[in-house]
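Trainee: We have chain A already, so just place chain B on it with the hints.
Protein chains in written order, with this note's numbering: chain A, 2 to 439; chain B, 134 to 427.
The set of hints was computed from the structure by calculation and includes no laboratory data.
Glycine is no exception: its CB is placed at the ideal position from the N, C-alpha and C atoms.
Hints are supplied without guarantee of correctness; some may be wrong.
To be verified - Here are the simulated PhoX-like pairs of lysine-lysine, each with C-alpha atoms no more than 25 Å apart in a straight line:
{"#": "1", "chain 1": "A", "residue 1": "K57", "chain 2": "A", "residue 2": "K298"}
{"#": "2", "chain 1": "A", "residue 1": "K427", "chain 2": "B", "residue 2": "K206"}
{"#": "3", "chain 1": "A", "residue 1": "K118", "chain 2": "A", "residue 2": "K90"}
{"#": "4", "chain 1": "A", "residue 1": "K257", "chain 2": "A", "residue 2": "K427"}
{"#": "5", "chain 1": "A", "residue 1": "K256", "chain 2": "A", "residue 2": "K280"}
{"#": "6", "chain 1": "A", "residue 1": "K383", "chain 2": "A", "residue 2": "K170"}
{"#": "7", "chain 1": "A", "residue 1": "K256", "chain 2": "A", "residue 2": "K182"}
{"#": "8", "chain 1": "A", "residue 1": "K280", "chain 2": "B", "residue 2": "K258"}
{"#": "9", "chain 1": "B", "residue 1": "K361", "chain 2": "A", "residue 2": "K90"}
Said to hold, decoys possible - For each label pair, taking beta carbons as the anchor points, the in silico distance ranges come out as:
{"#": "10", "chain 1": "B", "residue 1": "I281", "chain 2": "A", "residue 2": "P140", "range": "49 to 55 Å"}
{"#": "11", "chain 1": "B", "residue 1": "V205", "chain 2": "A", "residue 2": "E243", "range": "38 to 44 Å"}
{"#": "12", "chain 1": "A", "residue 1": "L93", "chain 2": "B", "residue 2": "D140", "range": "44 to 50 Å"}
{"#": "13", "chain 1": "B", "residue 1": "F180", "chain 2": "A", "residue 2": "T373", "range": "47 to 53 Å"}
{"#": "14", "chain 1": "A", "residue 1": "Q97", "chain 2": "B", "residue 2": "K231", "range": "56 to 62 Å"}
{"#": "15", "chain 1": "B", "residue 1": "D364", "chain 2": "A", "residue 2": "G177", "range": "49 to 55 Å"}
{"#": "16", "chain 1": "A", "residue 1": "G225", "chain 2": "B", "residue 2": "I281", "range": "39 to 45 Å"}
{"#": "17", "chain 1": "B", "residue 1": "P264", "chain 2": "A", "residue 2": "K383", "range": "30 to 36 Å"}
{"#": "18", "chain 1": "A", "residue 1": "D185", "chain 2": "B", "residue 2": "G168", "range": "56 to 62 Å"}
{"#": "19", "chain 1": "B", "residue 1": "L185", "chain 2": "A", "residue 2": "D253", "range": "40 to 46 Å"}
{"#": "20", "chain 1": "A", "residue 1": "G421", "chain 2": "B", "residue 2": "F180", "range": "39 to 45 Å"}
{"#": "21", "chain 1": "B", "residue 1": "W165", "chain 2": "A", "residue 2": "T61", "range": "39 to 45 Å"}
{"#": "22", "chain 1": "B", "residue 1": "C409", "chain 2": "A", "residue 2": "A316", "range": "52 to 58 Å"}
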Amino acid sequence: MTISSTRPGRARLVGLTASAAAVVLLASACGSTGSGASAAPKDFSYLSVVENTTVKTTLTTLSQGACTTQNTALPLKVDTVPQTGLDQKLQLLAGQGALPVQFAAGSAPALTNQLFKSGKVANLEDELTKLGVYDQLQPAAVSTIQALYDGKVAVLPYEYNIEGIFFNKKLFAEHGLSTPKTWDELVTTAGKLQDAGVQPFAASGQQGWPLTRLISGYLYRSLGPFAMDHIASGKAKLTDPEYVAAAAKVADLGKKGYFGQGVGSIDYDTAMNQFLSGKAGMFYMGSWALSNIADAKQDTVGAENIGFMPFPAVADGKGSIDQYPSNVGLPIALNSKTFDAKTGDWVKCIAQNYGSTALKDQGTISGFKVNTPVPDKNAVTKQVRETIDASKQNVLWFEALFSTKATTVSQSNAASLVTGSTSPEKFMQLVQDAQSGQ
Amino acid sequence: MHRVLGDRRAIMILVGPALLVYSLIMIVPMVWSLGYAFTTGNAIDGFTWSGLENFRHLFSDSAVQSSLWFTVKYAVVVTIGQVLAGYGLALLYTFYLKRASAFIRTLVFFPVVLPTVAVGLLFQKFFQVAPQTGPVNSLLNMVGIGSIDWFGSSGSAFWVLVIMDIWRSMGFYAVLLFAGLLDIPEEVLESARLDGASGPRLIRHIILPLSFPVLMSSVIFSINGTLKVFDSVVALTNGGPGNSTTPLTLYMFQTSFTYSEYGYGSAIALLLTVLCLLVTLVVFRVSRRDLTKG
Numbered sequence: 002m003t004i005s006s007t008r009p010g011r012a013r014l015v016g017l018t019a020s021a022a023a024v025v026l027l028a029s030a031c032g033s034t035g036s037g038a039s040a041a042p043k044d045f046s047y048l049s050v051v052e053n054t055t056v057k058t059t060l061t062t063l064s065q066g067a068c069t070t071q072n073t074a075l076p077l078k079v080d081t082v083p084q085t086g087l088d089q090k091l092q093l094l095a096g097q098g099a100l101p102v103q104f105a106a107g108s109a110p111a112l113t114n115q116l117f118k119s120g121k122v123a124n125l126e127d128e129l130t131k132l133g134v135y136d137q138l139q140p141a142a143v144s145t146i147q148a149l150y151d152g153k154v155a156v157l158p159y160e161y162n163i164e165g166i167f168f169n170k171k172l173f174a175e176h177g178l179s180t181p182k183t184w185d186e187l188v189t190t191a192g193k194l195q196d197a198g199v200q201p202f203a204a205s206g207q208q209g210w211p212l213t214r215l216i217s218g219y220l221y222r223s224l225g226p227f228a229m230d231h232i233a234s235g236k237a238k239l240t241d242p243e244y245v246a247a248a249a250k251v252a253d254l255g256k257k258g259y260f261g262q263g264v265g266s267i268d269y270d271t272a273m274n275q276f277l278s279g280k281a282g283m284f285y286m287g288s289w290a291l292s293n294i295a296d297a298k299q300d301t302v303g304a305e306n307i308g309f310m311p312f313p314a315v316a317d318g319k320g321s322i323d324q325y326p327s328n329v330g331l332p333i334a335l336n337s338k339t340f341d342a343k344t345g346d347w348v349k350c351i352a353q354n355y356g357s358t359a360l361k362d363q364g365t366i367s368g369f370k371v372n373t374p375v376p377d378k379n380a381v382t383k384q385v386r387e388t389i390d391a392s393k394q395n396v397l398w399f400e401a402l403f404s405t406k407a408t409t410v411s412q413s414n415a416a417s418l419v420t421g422s423t424s425p426e427k428f429m430q431l432v433q434d435a436q437s438g439q
Numbered sequence: 134m135h136r137v138l139g140d141r142r143a144i145m146i147l148v149g150p151a152l153l154v155y156s157l158i159m160i161v162p163m164v165w166s167l168g169y170a171f172t173t174g175n176a177i178d179g180f181t182w183s184g185l186e187n188f189r190h191l192f193s194d195s196a197v198q199s200s201l202w203f204t205v206k207y208a209v210v211v212t213i214g215q216v217l218a219g220y221g222l223a224l225l226y227t228f229y230l231k232r233a234s235a236f237i238r239t240l241v242f243f244p245v246v247l248p249t250v251a252v253g254l255l256f257q258k259f260f261q262v263a264p265q266t267g268p269v270n271s272l273l274n275m276v277g278i279g280s281i282d283w284f285g286s287s288g289s290a291f292w293v294l295v296i297m298d299i300w301r302s303m304g305f306y307a308v309l310l311f312a313g314l315l316d317i318p319e320e321v322l323e324s325a326r327l328d329g330a331s332g333p334r335l336i337r338h339i340i341l342p343l344s345f346p347v348l349m350s351s352v353i354f355s356i357n358g359t360l361k362v363f364d365s366v367v368a369l370t371n372g373g374p375g376n377s378t379t380p381l382t383l384y385m386f387q388t389s390f391t392y393s394e395y396g397y398g399s400a401i402a403l404l405l406t407v408l409c410l411l412v413t414l415v416v417f418r419v420s421r422r423d424l425t426k427g
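Chain A with its partners taken away, still in its complex shape:
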């Protein structure tokens, strides 16, 4: 081959070389999407969210106690991101084949299901059975996980929560109120508190989900435990009159001012503080709040003055008040590519010890068995634990089976629903459209 030494020939050669170099650069810069090949992990890396401190604190305790040997072989390494950035981070890490050994599951189960189907998340039923510790999971927690993740055990239940309404027994007694059993009684009770100058409900409109939980609570009581499954399967639409009626009932509470002023600006911690400082009479929340209730610094009302009641019944409803909304708190998935023997040792140790450690140190109920008996910190914790043990049928929450988009739309519009900026019909239409992919 001869190389042209003429000026146009040289220019062409320079151009070709530059183009080739650019292609190589581009390929090296942009071409790597990660092979996702398995590699022995160097540490027991754990990606969590900033907002949740329970799991990382308990894991750290285990790493220095019951799981010291496992921690020496594979040291625990905790990383956190804000909850709002978690899904984005997981998608990017998954795309690069760089997921950590353990990570908080996405905000909506849809993302974890997607990761599971693509083989990036370990099947924990298989792995825990191989390790001989599958029986360490509470059956109720397993059934909740399977309901969320297409029948698979895709996550570990570091928390197991039921939800209901915590109420200030002292305030109720002062105003001669008894525990409401039906929705109408709940509304009457709220009205009496409002008239007495007490804010009836503390709720975070900034987060949105504490408000949408009330909608699903009403739906489960009025339409029965399959109310939201029918939406997920397409048998019913959120715009159907009986579904809109539930949103209208919650919007009515807002219209009457029962959530207090500026509910859209109230964040989770402020709402918790309003209730635990006695400024609000009732607080719809999950049993994870027991750790806040047990903390005397936060709870100035006193744990002995706080009661727990199920979401009330709806007249002529198909649901029952002993069907509790349940969840597995901040569920944690495990990377299938890094699940080797050392990771297995860690998981085995967690399965055997996490339940009692979390309950003893954090006052948190997990989906693991409590192998070392722990006395209950207060009456309300005892009541919730007994309720969990006695609970026969659990239901999910409003957004549990929604897409990420529908979850975001639902939670970001919840405050507008209760402030009256968005009508119940419009709210349900927005969420339904997002769910239908419009």
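Mentor: Relative to the frame of chain A, chain B by itself:
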């Protein structure tokens, strides 16, 4: 110097590295993003060709329509506010405060250097209704008006956002336009005054035409900046209540990174690029008009 700049090889050596870096970090991602606009999928499952589906969706998506309307409304109102406030301040510096303007200029410019998130938090506290009553609502209460939930309705949230963005950027436009006004020869102003022009007539017929080029630059800066607004919205309202203060940029971000629809997010990005281009062309066209003839 002429020999060096007349030599193509020298030009390539001098400009080539910068051009290559610019191409890699600007042109390639743009082309790449354009390519994504014709696909569906995500980083986990991979991407598949979907033709014009994303663009069809773009025209039927009510969220795009509301974001587009918000973006245009916000850009027009804030641009007018920023440039008018900036021009007013610049006139104040030049013709009233004169040499004593340095301290005021510094004060007015100060919000420009503050981080947007800090300004957002400041305004959140200013207009707060709960858990504490903010200064604005306290003032309203003092004169017998009840507290307003400023961030609870789309109308009031929009105006708080507008006030915040005009406040934090008017100092920049004031300095920019002040520099333009300083360029007007004193003799021209003096002869106009001798001819009897003063006040609004002096501004309309002498100052405005002579400062028109820098005024146009300010409008182009402002309109392009406001069409791409993101950080101040995220810091103050996060697009709420609902999605009533969600600009195209935020919707694009949510679509791509929260909903994991990268292809559709790229289509929204393309819409935004076209919008910026069209608005800039319109502004350039308007700027060709000679104000001295009007």
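Trainee: Against each hint, give a clear statement of whether it holds in the structure.
Mentor: Hint check:
no. : hint                          : result
1   : A/K57 <-> A/K298              : holds, 21 Å
2   : A/K427 <-> B/K206             : holds, 23 Å
3   : A/K118 <-> A/K90              : holds, 19 Å
4   : A/K257 <-> A/K427             : holds, 20 Å
5   : A/K256 <-> A/K280             : holds, 19 Å
6   : A/K383 <-> A/K170             : holds, 16 Å
7   : A/K256 <-> A/K182             : holds, 22 Å
8   : A/K280 <-> B/K258             : holds, 21 Å
9   : B/K361 <-> A/K90              : holds, 24 Å
10  : B/I281 <-> A/P140: 49 to 55 Å : holds, 51 Å
11  : B/V205 <-> A/E243: 38 to 44 Å : holds, 39 Å
12  : A/L93 <-> B/D140: 44 to 50 Å  : holds, 45 Å
13  : B/F180 <-> A/T373: 47 to 53 Å : holds, 50 Å
14  : A/Q97 <-> B/K231: 56 to 62 Å  : holds, 59 Å
15  : B/D364 <-> A/G177: 49 to 55 Å : holds, 52 Å
16  : A/G225 <-> B/I281: 39 to 45 Å : holds, 42 Å
17  : B/P264 <-> A/K383: 30 to 36 Å : holds, 31 Å
18  : A/D185 <-> B/G168: 56 to 62 Å : holds, 58 Å
19  : B/L185 <-> A/D253: 40 to 46 Å : holds, 45 Å
20  : A/G421 <-> B/F180: 39 to 45 Å : holds, 42 Å
21  : B/W165 <-> A/T61: 39 to 45 Å  : holds, 42 Å
22  : B/C409 <-> A/A316: 52 to 58 Å : holds, 56 Å
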